[in-house]
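K.L.:
Using the hints provided, position chains B and C relative to the given structure of chain A.
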Amino acid sequence: MRHFLTTEDWTRPELQALLDAADDLRRQPVNDQLRGKTIALMFLNPSLRTRSSFEIGAFQLGAHAVVLEPGKAAWGIEFERGVVMDGDAEEHIAEVAGVLSRYCDAIALRAFPLFKDWSHDRQDPVIRALAEYASVPVINMETIVHPCQELALMRTIQDHLGAPDGRKFVLTWTWHPRPLNTAVANSALLIATKFGMDVTLLVPDDAYLLDEHFMDAAHYQAESSGGRFNITHNIEKAYTDADFVYAKSWGALPFYGRPEEEAQLRAPYRHFMVDGAKMALTRNARFSHCLPLRRNVKASDEVMDADYCVAIDEAENRLHVQKALMTALLNNQEQGEGTD
Amino acid sequence: MRHFLTTEDWTRPELQALLDAADDLRRQPVNDQLRGKTIALMFLNPSLRTRSSFEIGAFQLGAHAVVLEPGKAAWGIEFERGVVMDGDAEEHIAEVAGVLSRYCDAIALRAFPLFKDWSHDRQDPVIRALAEYASVPVINMETIVHPCQELALMRTIQDHLGAPDGRKFVLTWTWHPRPLNTAVANSALLIATKFGMDVTLLVPDDAYLLDEHFMDAAHYQAESSGGRFNITHNIEKAYTDADFVYAKSWGALPFYGRPEEEAQLRAPYRHFMVDGAKMALTRNARFSHCLPLRRNVKASDEVMDADYCVAIDEAENRLHVQKALMTALLNNQEQGEGTD
Amino acid sequence: MRHFLTTEDWTRPELQALLDAADDLRRQPVNDQLRGKTIALMFLNPSLRTRSSFEIGAFQLGAHAVVLEPGKAAWGIEFERGVVMDGDAEEHIAEVAGVLSRYCDAIALRAFPLFKDWSHDRQDPVIRALAEYASVPVINMETIVHPCQELALMRTIQDHLGAPDGRKFVLTWTWHPRPLNTAVANSALLIATKFGMDVTLLVPDDAYLLDEHFMDAAHYQAESSGGRFNITHNIEKAYTDADFVYAKSWGALPFYGRPEEEAQLRAPYRHFMVDGAKMALTRNARFSHCLPLRRNVKASDEVMDADYCVAIDEAENRLHVQKALMTALLNNQEQGEGTD
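Line by line, the protein sequences give chains A, B and C. Position one of the first sequence corresponds to residue 1 (our numbering), numbered consecutively onward. Position one of the second sequence corresponds to residue 1001 (our numbering), numbered consecutively onward. Position one of the third sequence corresponds to residue 2001 (our numbering), numbered consecutively onward.
Bound conformation, chain A alone (with noise of 0.2 Å):
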């Protein structure tokens, strides 16, 4: 049995062939591959896309995916061991991991940071413990990464580009009103430096870069891979001849739960805004968000609107690199002593 929680855990060639899978699937949408079998996603945080295509995705193979909002329609959980729970949550992820390992196929989860203690949060600690504490396989929806938007996000950019090595791609912070989580922008940088892209992080300040495991982790990879990883405040720099502009919004971790402050020092940094003058400088670069994406604020009109975005093709490989995925950890699982 295998967890989906970071693509840290799988080889390029492991997702790559996620990615292949993919790729026949969206020939053959639909099938009976995982008739009969069932999947849980546990919704901590909204989702329009995340639920429809592992919802959509489940029923195209004979499946079905159950929606629970734990804390909305169902009770509050704990995370944390050996609490007296005398508190607000009426049940442990000790029992939730249990009886969902008996009801379903597979559990996935979507639970961001909670944006007041980083050193906190950095642990990854909800899915963790679901993990921990299921018998089934466990899927990542976005936490601290987001390992599903991780593969779309290589699909697309296979899919218009072709082989990845070595063509450039920036990762550009942008301006929002509020201090995003850093899930994206974190495995932007995992998977394109596992794939051996030469990779550009674009921040307006040092503020803004990304937790040191993951800047390790995009130097280390880059240098396996034999890609390459560069650090800039210099928009033009960034966007000259690159093939990929990705764009994302987070907040500053050294001000993390500090969100007054954080807008301060985020304010003078609206330019970063995507537009057409800075895809100029590109090699006909394509663009792309993970969506949902605030027009005329991160990425103008003009962008979202030309040929080279492909935000929604990204999206839609979301479907397809999740069936792929499904279908490699459902079909993979022993006959447990549950439901099937």
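To be clear, the hints were calculated from the coordinates, so they are not data collected in a lab. Hints may contain errors.
Stated by the list, open to error - According to the in silico footprint, chain B covers these stretches of chain C (three or more CB under 8 Å from chain B):
(1) 2033–2040
(2) 2060–2070
(3) 2100–2106
Predicted model only: the values in this text are computed from it and were never measured. For glycine and all other residues, C-beta sits at the position ideal for the given N, C-alpha and C.
P.N.:
Okay, now just chains B and C, sitting in the frame of chain A:
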């Protein structure tokens, strides 16, 4: 590819073909005509019948419906063009429509008017924006019209009265504690006049006349179809010799967005409730309502529990007509580049 | 047509037939016995296990479950007769039941008591109203009893102990920060006495005795089945020689609707928590709980993590017994005029 935004875009023979298909489907409810297909149901407002009937209808045809509630379990959506999106909405309808068009074979939307500015709401801007950006059929699940309810109503009229031409159809306004959407009233006029009925609109005051677009359409359609369209404030005159009584409450458009003033205007008219005495004036008319209905406010218990009340039949017909609609729109569709 | 509102309406052999069918179904979980059938799951209160197990169970049988949450994503519902509905509720249970009976082959309802007036709530008025107006089977997903949990509990007892007759079953009250529903406690007494067990009810104070209806039923059923029914405040006496310990917290009925006073009464009794020392008094008893459970409040980590804890097995059995129940009720049904 064709949308189903309003019955004004469809001819009487086209609508009758849907009603005939609905009749076939209720005799053979479970089949595989839409095997592997998917439809997104996007609700900006609550629903019981609409959601159940679409979700069950899709299932009975071998398809799957995904229920999305943007702003609750999903992201808030911006519907205007060219906006700098630094307010509440995290996402533009262009991307939502684009992505869902890749995941699904159709998108259905419920978006009630906002009760602030009728000159804006009467353009039906939200579903028009969705239809513009979607590359799959869009179905109206109630905006400022409710065309699925129209199909269910006309199916019910034909089930109970046979040919509708020349039969007297009364649409009566009723009191309600809040000013409600005019959609079902607009729709009742549209469908009854299109099918050649002798239509009477009963309102307590001219302030309760419907938007001129729908008043004009009713006059024009009645003329084209050989029907009639009359307006009255006289309860006795309206009910006398009626074949079909249809009740609905709605807010007075001149007071749109000013609910306190509208409440004062409305206050003297609680006696417009449908009761046994009024029904006794008819030619053994059937009574119906789109539901939900407040008993002893819009119609008395006596009326709701009478054999002549066919509101439950009409609700059941929602299932059959929507299955006919999905079958027509989804099978009509060319194979896209996306998921099927 | 038959409802499943309380096990008091079903004989022991009838219930045993459901338990035997559940055993068959867990060996062959995926089949097409209910192909094309639909069930509405109406939740007035949150749920994780109940929703997942019904939804997955329906899917594994070829059916589809629609999840409705009236008052949240659907309309508020009125359950009383003859009311002038000018308050909050937009719709009467008569219409909800009527419509859902046309769309679905069964309706399941969760409706916790309102914690205001026990003389009202003890009549179980909400599900009784639904059953009265529905023309398809109604299934109780927890009101003032929880008969699906009873089936899962008795399936688990038989899985671990074999024949239940004469085995010592202890239902122990436990502390909890809030006064909870008595449903599972009522149900545990009903099912254990019906199946001939030697039943002990352990409460810290006579105020925690259950409603006289259930106390009387337990006495009467124990007599009929050759079992026993005893009440004690003595922890040691209760646990000694027990074969099965079942824990639940509930509010004291004499303080129903007065949570502050009840909290004072409850305060001295945190030591009723199930722990290793208490379990050591038993005859190697199994321990279970219906979940959700607050660890180190209702039962210690030691108990929950022990091999003798079968709470996860009981939760799994929810799936199997509910599939048996749906199969029995839906296949038993005559073809209606409606959707199938």
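K.L.:
Taking the hints in turn, state whether each one holds.
P.N.:
Cross-check of the supplied hints:
no.: 1; hint: 2033–2040; result: holds (count 4)
no.: 2; hint: 2060–2070; result: holds (count 4)
no.: 3; hint: 2100–2106; result: holds (count 4)
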